[in-house]
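Undergrad: Each chain, written out:
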Amino acid sequence: GDSVTQMEGPVTLSEEAFLTINCTYTATGYPSLFWYVQYPGEGLQLLLKATKADDKGSNKGFEATYRKETTSFHLEKGSVQVSDSAVYFCALSDQGYSTLTFGKGTMLLVSP
Amino acid sequence: KAGVTQTPRYLIKTRGQQVTLSCSPISGHRSVSWYQQTPGQGLQFLFEYFSETQRNKGNFPGRFSGRQFSNSRSEMNVSTLELGDSALYLCASTYMDGETQYFGPGTRLLVL
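Protein chains in written order, with our numbering: chain U, 1 to 112; chain W, 1001 to 1112.
None of these hints come from the bench; they were simulated from the model. Since the model is a prediction, treat every value here as computed from it, not as a measurement. Yeah, the Cβ is synthetic: ideal placement off N, Cα and C, and Gly gets one too. Be a bit skeptical, because a hint or two may be false.
[Said to hold, decoys possible] Partial chain U-side listing against chain W, Cβ under 10 Å, derived:
#, residue
1, 53
2, 67
3, 71
4, 102
5, 109
6, 112
[Said to hold, decoys possible] Listed next, the in silico DSSO-like pairs over lysine-lysine satisfying Cα-Cα at most 27 Å (straight line):
#, chain 1, residue 1, chain 2, residue 2
7, U, 68, U, 56
8, U, 52, W, 1013
9, U, 68, W, 1013
10, U, 52, U, 68
11, U, 77, U, 104
Just chain U, with the same shape it has in the complex (with noise of 0.2 Å):
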């Protein structure tokens, strides 16, 4: 079956430091990548999403390119600051079907 791998927390970084948080996926199909942030006490929000291959996908700085022939998404920044911290989830979407495969999630903690 589908599932996703992300690299284990915590992620402890000072602010303005550039953040990769590493996903790769398995899936039978040809599937849509998402990358989710969770911050403490709340739901899931949608960060950013990618349908196919090389696209990229983008928004608030983060960044992240479906690389098929590596099968990975990983989520970059450039320059991160204290209110990125929370918990990121990497996430596919199978051939269209609306259920999402979610990989365990990273934490990631700023310090100022």
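We have chain U; now place chain W onto it with these hints.
TA: Frame of chain U, contents of chain W only:
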């Protein structure tokens, strides 16, 4: 446009009781999905409803059930509660593209 709303936000129940959670999707969204989030198992798909019909179901026991009304609002019910049902229950409504999901704030259920 209003987001996904879930009620109640917090619930405390005792073992053996049953509980009903409610979700109102974003206006115009016809598909509603439910997920369970726990520290141990992460985010797991429960079921999806579209036009009042269950379209997809995750691997949960029959104690977990749901329904959708003609106005797309959805409810999920858990009967004979167990301690392990303590979790954050998230509802998501699906955009017209059929795969992008927007989440509500969740209902946090504690079973004592």
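Undergrad: Does each hint fit the structure? Answer for all of them.
TA: Results for each hint:
For residue 53/U, the interface hint is violated, since its Cβ never comes within 10 Å of a Cβ in chain W; the closest pair sits about 16 Å apart. Annotation: interface hint on residue 67/U violated; nearest CB of chain W at approximately 19 Å, more than 10 Å. Residue-level restraint check for residue 71/U is violated (minimum Cβ-Cβ distance to chain W is 18 Å; threshold 10 Å). This hint holds: residue 102/U has a C-beta 4 Å from the nearest C-beta of chain W, less than the 10 Å allowed.
Interface hint status for residue 109/U: violated, as the beta-carbon distance to the closest one in chain W is roughly 17 Å, over 10 Å. Hint on residue 112/U is violated. Least Cβ distance to chain W is approximately 28 Å, over the 10 Å limit. Taking the CA atoms of residue 68/U and residue 56/U, the gap is about 12 Å. The hint holds against a cut of 27 Å. With a CA separation close to 44 Å, the supplied pair residue 52/U and residue 1013/W exceeds the 27 Å bound.
With a C-alpha separation of about 46 Å, the suggested pair residue 68/U and residue 1013/W falls outside the 27 Å cut-off, and the hint is violated. Taking the CA atoms of residue 52/U and residue 68/U, the gap is about 8 Å. The hint holds against a cut of 27 Å. For the hint pairing residue 77/U with residue 104/U, the CA-to-CA distance comes to about 20 Å; that is within 27 Å, so the pair holds.
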